[in-house]
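Asker: Chain by chain, the residues run as shown.
There are 2 protein chains.
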Amino acid sequence: MTGKLAVVLLSGGLDSTTVAAIARAQGWRLLALTIDYNQRHRIELEHAARVARALDVERHITLPLDLTGFGGSALTADIAVPKTGVAPGIPVTYVPARNTIFLSVALGWAEAAGARDLFIGVNALDFSGYPDCRPEFIAAFEAMANAATKAGVEGERFKVHTPLMALDKAGIIRAAHDAGAPIDLTWSCYDPLPSGRPCGACDSCRLRAKGFAEAGVVDPAQSPSP
Amino acid sequence: MTGKLAVVLLSGGLDSTTVAAIARAQGWRLLALTIDYNQRHRIELEHAARVARALDVERHITLPLDLTGFGGSALTADIAVPKTGVAPGIPVTYVPARNTIFLSVALGWAEAAGARDLFIGVNALDFSGYPDCRPEFIAAFEAMANAATKAGVEGERFKVHTPLMALDKAGIIRAAHDAGAPIDLTWSCYDPLPSGRPCGACDSCRLRAKGFAEAGVVDPAQSPSP
Numbered sequence: 001m002t003g004k005l006a007v008v009l010l011s012g013g014l015d016s017t018t019v020a021a022i023a024r025a026q027g028w029r030l031l032a033l034t035i036d037y038n039q040r041h042r043i044e045l046e047h048a049a050r051v052a053r054a055l056d057v058e059r060h061i062t063l064p065l066d067l068t069g070f071g072g073s074a075l076t077a078d079i080a081v082p083k084t085g086v087a088p089g090i091p092v093t094y095v096p097a098r099n100t101i102f103l104s105v106a107l108g109w110a111e112a113a114g115a116r117d118l119f120i121g122v123n124a125l126d127f128s129g130y131p132d133c134r135p136e137f138i139a140a141f142e143a144m145a146n147a148a149t150k151a152g153v154e155g156e157r158f159k160v161h162t163p164l165m166a167l168d169k170a171g172i173i174r175a176a177h178d179a180g181a182p183i184d185l186t187w188s189c190y191d192p193l194p195s196g197r198p199c200g201a202c203d204s205c206r207l208r209a210k211g212f213a214e215a216g217v218v219d220p221a222q223s224p225s226p
Numbered sequence: 001m002t003g004k005l006a007v008v009l010l011s012g013g014l015d016s017t018t019v020a021a022i023a024r025a026q027g028w029r030l031l032a033l034t035i036d037y038n039q040r041h042r043i044e045l046e047h048a049a050r051v052a053r054a055l056d057v058e059r060h061i062t063l064p065l066d067l068t069g070f071g072g073s074a075l076t077a078d079i080a081v082p083k084t085g086v087a088p089g090i091p092v093t094y095v096p097a098r099n100t101i102f103l104s105v106a107l108g109w110a111e112a113a114g115a116r117d118l119f120i121g122v123n124a125l126d127f128s129g130y131p132d133c134r135p136e137f138i139a140a141f142e143a144m145a146n147a148a149t150k151a152g153v154e155g156e157r158f159k160v161h162t163p164l165m166a167l168d169k170a171g172i173i174r175a176a177h178d179a180g181a182p183i184d185l186t187w188s189c190y191d192p193l194p195s196g197r198p199c200g201a202c203d204s205c206r207l208r209a210k211g212f213a214e215a216g217v218v219d220p221a222q223s224p225s226p
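Here the protein sequences line up with chains A and B, keeping their order. With my numbering, the residue at position 28 of the first sequence is 28, and numbering never jumps. With my numbering, the residue at position 25 of the second sequence is 25, and numbering never jumps.
By construction, these hints were calculated from the structure, which means they are not laboratory data. A virtual CB, placed ideally from N, CA and C, is assigned to each residue, including glycine.
Distance condition first, Cα-Cα at most 30 Å in a straight line; then the derived DSS-like pairs of lysine-lysine:
no., chain 1, residue 1, chain 2, residue 2
1, A, Lys-210, B, Lys-150
2, A, Lys-150, B, Lys-83
3, A, Lys-159, A, Lys-4
4, B, Lys-210, A, Lys-150
5, B, Lys-159, A, Lys-159
6, B, Lys-150, A, Lys-83
7, A, Lys-150, B, Lys-159
A few chain A residues that don't get close to chain B, going by computed Cβ distances all over 10 Å:
no., residue
8, Ser-195
9, Cys-199
10, Ala-213
Given these sequences and hints, build the entire structure.
Answerer: Dropping the structure here:
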């Protein structure tokens, strides 16, 4: 396989799967990193593995990094996931410093593997209000990465690619279609039902449904199994 | 216990133990974070636990975060630890993005716990040439942290305290003495002998010995057991 090597953060959700597919369509060889932070919706880990296989990544690592000992989020502690609709402000599903931690681990893998490019599926439009999804954060992370690493100090430059940053959810779904992303394999729900189906009411389910509706596309992951 | 809460990165080595003791002497209540990255010198984890008890920290977490899958360092892969003396440049014991990853995890715990202060035992004088021990890195990390977090976005400021930054190893040993640091409990060697004793020849052993010699102090961790 040809092309430059990049590390992509792959949660198994719609956004990160779309980013990985975009990177593959651009010719990148991918190292896919999934973090098992003992999240409430651990089912997404299985989806990440399926997506990694479908996209023919060079290597997929699912790294255990248990953040539940710190608490502070509805995704890692015994705090209820909101179900009444997307509200203004930063919600309780925010996991303190999550993208910072994930990008830092991705940076470590990238530097060790000789990759200088990272891909992450953040977007600042139809998003959940998380501070670590904004362009200001990404720019600050790049500056920090170039001061932190041997490669950066030696004059190479790390770049964090955020191809979804300026898209709304409908735009992401159109981009996923264009890149041939396996969105049927993705998982978005924060708080799966006991049956294993998405709850349909958390912010992540709502944003996903809104995106498909606005894009005029049926969500293939929501269709009944054949 | 009174005083403000801070997170200290505690490896079990001389520098981080000294920093933790300085913070305690300044009146901080400490959350001590040790990362089990499956390092070659995992014996330091036991030393970190002993130091945490001796310093009466509020809570000590040893977090597994296995970096050996990435490789790229003599501390995490099958690469020999240099034994011929401290050489110019960045050595093979550099672990890609290690301090970035550790500080990011510390940031997550700090934000969740309501702490806004981090302590880390980096120093840029008698150091191992690691880029992520320099003041430029610390400043870039602080800027990134304030863009990354809910607390930062809401106007609070995270601060990374580096009380050893401008000290040489002899100065660190004097600071350790002044702060009552339990340096007899610390571990520095990167490549322990089969007997469990420090090798005496790796950069970390050499820098430690040089510091004690220049400070005119006998290393209590090197004394024969009574």
